[in-house]
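Student: For reference, the chains in residue letters:
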Amino acid sequence: EAGVAQSPRYKIIEKRQSVAFWCNPISGHATLYWYQQILGQGPKLLIQFQNNGVVDDSQLPKDRFSAERLKGVDSTLKIQPAKLEDSAVYLCASSSRDSSLAQYFGPGTRLTVL
Amino acid sequence: SQQGEEDPQALSIQEGENATMNCSYKTSINNLQWYRQNSGRGLVHLILIRSNEREKHSGRLRVTLDTSKKSSSLLITASRAADTASYFCATDSFLPSGSARQLTFGSGTQLTVLP
Numbered sequence: 006e007a008g009v010a011q012s013p014r015y016k017i018i019e020k021r022q023s024v025a026f027w028c029n030p031i032s033g034h035a036t037l038y039w040y041q042q043i044l045g046q047g048p049k050l051l052i053q054f055q056n057n058g059v060v061d062d063s064q065l066p067k068d069r070f071s072a073e074r075l076k077g078v079d080s081t082l083k084i085q086p087a088k089l090e091d092s093a094v095y096l097c098a099s100s101s102r103d104s105s106l107a108q109y110f111g112p113g114t115r116l117t118v119l
Numbered sequence: 155s156q157q158g159e160e161d162p163q164a165l166s167i168q169e170g171e172n173a174t175m176n177c178s179y180k181t182s183i184n185n186l187q188w189y190r191q192n193s194g195r196g197l198v199h200l201i202l203i204r205s206n207e208r209e210k211h212s213g214r215l216r217v218t219l220d221t222s223k224k225s226s227s228l229l230i231t232a233s234r235a236a237d238t239a240s241y242f243c244a245t246d247s248f249l250p251s252g253s254a255r256q257l258t259f260g261s262g263t264q265l266t267v268l269p
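Protein sequence lines, in the order shown, are assigned to chains S and E.
Read in the working numbering, the first sequence has 22 at position 17, and its numbers run on one by one without any break.
Read in the working numbering, the second sequence has 201 at position 47, and its numbers run on one by one without any break.
Honestly, the hints are just simulated from the structure, not real lab data.
Please read these numbers as outputs of a predicted model, since none were measured by experiment.
Note that the Cβ used here is the ideal one computed from N, Cα and C, for glycine as well.
Keep in mind that the hints are not guaranteed to be accurate.
Said to hold, decoys possible - Think about it this way: if two alpha-carbon atoms lie no more than 27 Å apart in a straight line, the pair counts; the simulated BS3-like pairs of lysine-lysine are:
#, chain 1, residue 1, chain 2, residue 2
1, S, 49, S, 83
2, S, 83, E, 224
3, S, 20, S, 88
4, E, 180, S, 49
5, S, 20, S, 76
6, E, 180, S, 88
7, E, 210, E, 180
8, E, 223, E, 210
9, E, 223, E, 180
Stated by the list, open to error - Here are a few chain E residues that face chain S, going by a calculated C-beta distance under 8 Å:
#, residue
10, 195
11, 203
12, 227
13, 229
14, 252
15, 261
As the list claims (entries may be wrong) - Far from chain S, by Cβ distances over 12 Å, these chain E residues were calculated:
#, residue
16, 209
17, 235
18, 266
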């Protein structure tokens, strides 16, 4: 079974630029999550999709972050414009249902904002 | 916000020793999960314990849950150098709206197993 795929693995941008991350979950997994992990901290949930609908985006900074999951499969997370404090690892995860079950994580995208 | 808090923040032991990590949380939960993260990698699910369970085993892992104290512990027996990683507890609870569930991670314990 293929795992969760993410790209790119690394990205360096200047502040005020825009950036996009892509995630392809495990085949058949209905729920997809985007997390932000700042160095030395645990992952923080940004947005949760069930199929192609948003379940929770209460911690997503909507003035600069956006995410979509078209056709209920892969997803993109965009930051526009980026700030220095957005430097973090962005992790995508998927599960077959909800957090009553294990989540499977991708390798993450390490973003550095200069 | 991070609900779970792990203790200790860092732990260094010799290969073959047991490692114990603790997690405390604040609100009621449906289940509690433990994940491992190797440096520069994504998280790997280790074990899930439901709120009506008190203890669970998986290989060299033993997890306990005390909902009255809102705490959990992860024991790794006979540790190996390959167990060196960060370990996170994560609590599954309902969103305030009650419409869905979310997983909230703690800040993690960095375990170093010396050969």
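Student: Could you run down the list of hints and mark each one as holding or not?
Tutor: Hints and how they fare:
{"no.": "1", "hint": "49(S) <-> 83(S)", "result": "holds (16 Å)"}
{"no.": "2", "hint": "83(S) <-> 224(E)", "result": "violated (36 Å)"}
{"no.": "3", "hint": "20(S) <-> 88(S)", "result": "holds (5 Å)"}
{"no.": "4", "hint": "180(E) <-> 49(S)", "result": "holds (17 Å)"}
{"no.": "5", "hint": "20(S) <-> 76(S)", "result": "violated (31 Å)"}
{"no.": "6", "hint": "180(E) <-> 88(S)", "result": "violated (31 Å)"}
{"no.": "7", "hint": "210(E) <-> 180(E)", "result": "holds (21 Å)"}
{"no.": "8", "hint": "223(E) <-> 210(E)", "result": "holds (17 Å)"}
{"no.": "9", "hint": "223(E) <-> 180(E)", "result": "holds (9 Å)"}
{"no.": "10", "hint": "195", "result": "holds (6 Å)"}
{"no.": "11", "hint": "203", "result": "violated (12 Å)"}
{"no.": "12", "hint": "227", "result": "violated (17 Å)"}
{"no.": "13", "hint": "229", "result": "violated (20 Å)"}
{"no.": "14", "hint": "252", "result": "violated (12 Å)"}
{"no.": "15", "hint": "261", "result": "holds (5 Å)"}
{"no.": "16", "hint": "209", "result": "holds (19 Å)"}
{"no.": "17", "hint": "235", "result": "holds (22 Å)"}
{"no.": "18", "hint": "266", "result": "holds (15 Å)"}
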